[in-house]
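K.L.:
So the chains spell out like this:
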Amino acid sequence: MSNASSTEPEIVYDKQGNPHEVIDFNNDYEGAKLGFWLFIFTEIMIFGAMFLVFGFYLFQFSPDFIAASEGLNRVLGGTNTFILLLSALSMGLSLVKLRNGKIDESKKFIWITIILATIFLTIKYFEWSHEIHIGIYPGSPTLDALSDGTKLFFGLYFTMTGLHGLHIIIGIGVMFWVLALINSGKITSTNFVVLENTALYWDLVHLVWVFVFPLFYLIY
Amino acid sequence: MSNVHKSFYDETHTVFGHHKNKILQWIFSIDHKRIALLYLFVMFAFFAVAVSTALVMRLELFSPGQDFIDPDTYNQAFTLHGVIMIFLFIIPGIPAVLGNFLLPLQLGARDVSFPKINLLSWWLYMLGALLAVTSLFIGDGFADTGWTFYAPYSIKTDTNVIWALSAAFILGFASILTGINFVVTIHRLRAPGMGFFKMPLFVWSLYATSWIQILATPVVGISLIMVILERTFGIGIFDPTKGGDPVLLEHMFWIYSHPAVYLMILPAFGIASEIVPTFCRKPIFGYHAIAISSAMIAGVGYLVWGHHMYTSGESEMIKLIFSALTFFVAVPTGVKFFDWIATMYKASIDFKTPMLWTVGTFITFIIGGLTGLIVASVGVDIYLHDTYFVVAHFHYAILGGVVFLMFAGMHYWFPKITGKMYNEKHAARAFYTIFIGFNLLWFPMFIAGMLGMPRRYFDYLPEFEIWHKLATIGSWVFALGLIYMFYTLYRGWRYGELAGPNPWNATTLEWQIPSPPQLPNFGEIPYVDYMPYEYKNGEPVRHLDLSVKEDKPHE
Amino acid sequence: MLEGIKGVSSFAGEVDLAIWVVVGLSILIFLLVVGVMFYFLYKYSNKRHSRDQIKNIEHNLPLEITWTVAPMILLAVMFYYGYTSLKAMRTIPAQNMEVKVTGQMWFWTHEYPNGKKTKDLYVPIGENIKLAITAKKNDVLHSYYVPALRLKQDAVPGKIYNAWFKATQTGAFDILCAEYCGTRHSYMLAKVYVLEKDKFDEWYNSDKKTPFDKKEKIPLHPGLTLLNDNGCTGCHSLDGSALVGPSYKDIFGRKVKVAVDGSLKEILTDENYLKRAILNPDAEIVDGYSGGMMSSYKDIISDEDIDKIIDYFKGGKIEVKVDKKAKAMAILDNNGCTGCHSLDGSVLVGPSYKGMFGRTVKVKIGDSLKEVVSNEDYLKRAILEPDTEVVDGFSGGMMSSYKGILSDEDIDSLIEYFKGL
Amino acid sequence: MNTNSNQESHPINASVYYNVFFLLIGLTVLTLLQPVIINLDLGSTLIVQLGIAFTKAFFIVAYYMHIKSSSPLFKKLIYTTVVLWFVLYGLMAIDTYYRYTPNDLFNN
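Protein chains in written order, with the numbering used here: chain U, 1 to 220; chain L, 1001 to 1555; chain C, 2001 to 2421; chain E, 3001 to 3108.
Errors might be hidden in some of the hints.
In silico SDA-like pairs for lysine to any residue, Cα to Cα no more than 20 angstroms straight-line [stated by the list, open to error]:
no., chain 1, residue 1, chain 2, residue 2
1, L, K1469, L, D1459
2, C, K2116, C, S2407
3, L, K1198, U, D14
4, L, K1536, C, S2407
Hints are computed from structural coordinates only; laboratory data are not their basis.
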């Protein structure tokens, strides 16, 4: 992202002789942020499409969906909601600390985020393994014997929470990469766009859960 | 011409710094011009493959009954043809080749915003292409679902649907990255002074295109993933035996794939908007109208997907809504055509090959567009849906619109890209051959479709024979024309005369630098406070020399 | 042969009008736009119009407004005709005869209100026919397309979509499948036969399979006809399932426990017993069933007829040979088997029925190849679980199971028939 | 080292994060309590739950993702995406509603 060679900005002058800066694509903070926001839009379209499918079947199979929602573990789901909330806070604080020049504290907050994300995944793992243990997973004989709406509810449940979980795993990977960049001095208190974008990504992951949680766990 | 500074063919920078090895210099180059050429060669290789499959299909259909391939092979052939043409050729076509090459040049930028991601797009594109090709040779062969991957057939069939779906997904991802790159480039890297309404119209069309890529592609991406999950885990979302609704997949597929056809045609319109003023020797008529109509087509084009599904069982209410919206898209499209034709008024038209291609395309695309209106009308479409009429309409719009304008652009920017000139006489003859072959190939299909010949048929009832025979003969003429054209371009590239920086006397920034361009594109970046197409008495108002001078090396 | 492009349904006129209007307007627009373009190309070519004659015109607001608004009017006209034709097509009259149309891989089945099932559709002229179109649940998408009727509707597995038509002309018209559905998509053909009303009625109320059948339907055993006519089969099944009373299947010659005046007794169901059971049903009630359900048939069925019935129970059959072949053929036709399996040895999607029985074939079980003899057991498995053993050279997943669709008896008669092929 | 003036955009403050965090905690508790306090039918539940979810989403996007202090371009882009989704959902809802209820046109 940074290019040491272009330290002097390129200036062009209009007819009146006013200077205008040529933006250097190698070091364009606003551009990097805009690019990442566009990426976030694609993610919103992906999850939005899944919610579209969810809504489509919720309309057709409301009783089945309500009954199936009853079977999910709200305590674990609720705990996970709070964990993500906390992790979004710690991610944000790490950015604040970095920009105030407190590199070590910033790293500490990233570590806290990573730990919280891992706890989220562990809880998710227990939730899933419980459901798989009682025979509820796509294509299982138990599930196939149930009503169509129930099959669709769990099909969507595993797809959407699975996709969300995948995003958390990727997020953890990105955070380790960010830590490495901080250690090697590539991210500094003035050149922080990578960490800022990581924080944006993490907020997106949180944002998706804000909708996933009530729609799956609380519609009964 | 590049006696001052070497061209981008001679030097480059790669993602790893500098390499001695020529091949590595190309495939790891982060220079937007080299990436454009990488796309170009791979794309035309796949174009050749897809044209060949089409020729095989047409040959099989020459007479009724089974001649030399069996129905399953035929089904795989049209799927292969569709997947390659749509996902590997037309969708990336103009944006990834001409867009990549020209966008920074027309904006006055030194590269796109994210050169490394640009290279990543190409690698993803290659990965997707590789997956598609690999699936030809393993197991039960290439998918036989048609490029639409409708469930439940795509869930039931034994062929390598997962491979094709993964390929399409990865190609979609590559296309998203290109789109993001372009939008950021257009927002951030315009030359100082160049406001949005001072950009060349090709850039405007790429801007609209990129938004479609960003906002529509993810929807089809996730739908394809759900079909993959359906096949591997049986999640049931599109499987009727588990309560799923196949029509939902049709919705989600077309939410992307209809905007995708605007994604294909918009950059092509952009090319026309460049060529028409250059060869009319005057400013384009209605610059603002053309620019805004691109955005309108992109916006409204997003909301018309349901017209692919009039017979699928969607509700009557939504059929009428989609029909009305579809007609509405025709208005901005019409405005563009009227503007182009108005540009010809009181002009001094120079019939060079790019202009020939553009005028030819106006004819074929107007046919494609007007037949689009015919099938947009609900009651009429119910009769014509899934017949050869739709096949012909689609090819008139996409082949006769997008690909022809792509060829026009290839001829127009050929001297810029290669620094050489092709033979004008042969290029014009190649155009006439292709134009005749094209109409002979596709026009009979309108009639066959009107008479009720359904599409994707391996065999047909005997009374359609005459139309199939005509089309097959047309396909041979068309193929010969293609060979002629590519050979002319190849001769031009190898043996053509040097073209000079501005052979057409055009006005946009890419013509103010040497051909082929130098690695950093511009020596000094101009302050652009004027409109892109300013002519006076048929001559450009400004002649600039923006080449990189020896004494002022950049980077 | 595709029977012409002439529309023969009541709404074909509206659809054709819409087609002509939109096509006509399109041609008009085309000629106008391309005409003006060619005029400009000719007049303002650089041979005739030199560069110093160029006029830089960049805007003309009134003109631009005109060419934005004028097309909208034309488009509104096109939309209107699309709407009227759709309305005519989709307003299903309340008075209609409903025919169920089921698509499955490469075969259409039409089921009439009285339970008749045919491959082609037979309809009376001038009557409203409502089609309830669907596809088998584990099948794929199809589209029911009758060009001459201007009718097209996708058949979606698990969903029923309606269409209708009123034929205005007698004749035969093609039915095609317009939604890609796999290997034999282009052979998923059938016909609509539009008949005079009386000819239709005559067929509809007869036993004939199609109105063009010369042969009378294979006569039933007179005993069975009697059972049917007297409503016996409403309570006694023919296939072994227990309804209100015991099934007729294997009723003769078995030992059953019956309740006589409250005590259980074992008896043999011989002629005498069966006769008593018909004439005095409450005297000896088979264990597990309750008395008082059946009334005596004394004076309703003559002794002679009772003998016929008992003969039927004994398994007395007439015209077994002819019967079996026709029956097997009917099963094959009505279930679309012949769409994929030929009778003459040619290979379509699946192996031909010719010589199928008794040969030795290689089959794929999972990933391994195994040789099996194609005997009764194998063929039965192949019908009920087609994907477990797929004959080498053919692909699985093409045929869906016929479990629950064909009865054991049907399958037996099919296998019997294959033996002779 | 960095001459690009955009990099030092808005000032950033930890207290904003804490305030929004406690607000979100409050909203989440509300989300969890809703089924315990009042038992609503599906429609009302969805309205309440999605209402809370959208409020949370607003705060996350506005403060955690700094849209409040970003350039108007970002705001415009977000409005566009949200509007686009509402139109898409609207069109799908129209189709679903008319397809699965007996209210479609031409009464069939």
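K.L.:
Look at each hint and say if it fits the structure.
P.N.:
Hint check:
About 13 angstroms separates the Cα atoms of L:K1469 and L:D1459, which keeps this hinted pair within 20 angstroms; it holds. With a C-alpha separation of about 18 angstroms, the suggested pairing of C:K2116 with C:S2407 holds against the 20 angstroms cut-off. The suggested pairing of L:K1198 with U:D14 holds, with an alpha-carbon distance near 15 angstroms, which does not exceed 20 angstroms. Taken as a hint, the L:K1536 and C:S2407 pair is broken in the structure, with Cα atoms around 87 angstroms apart against an allowance of 20 angstroms.
Consistency with the previously given hints fails for number 4 only.
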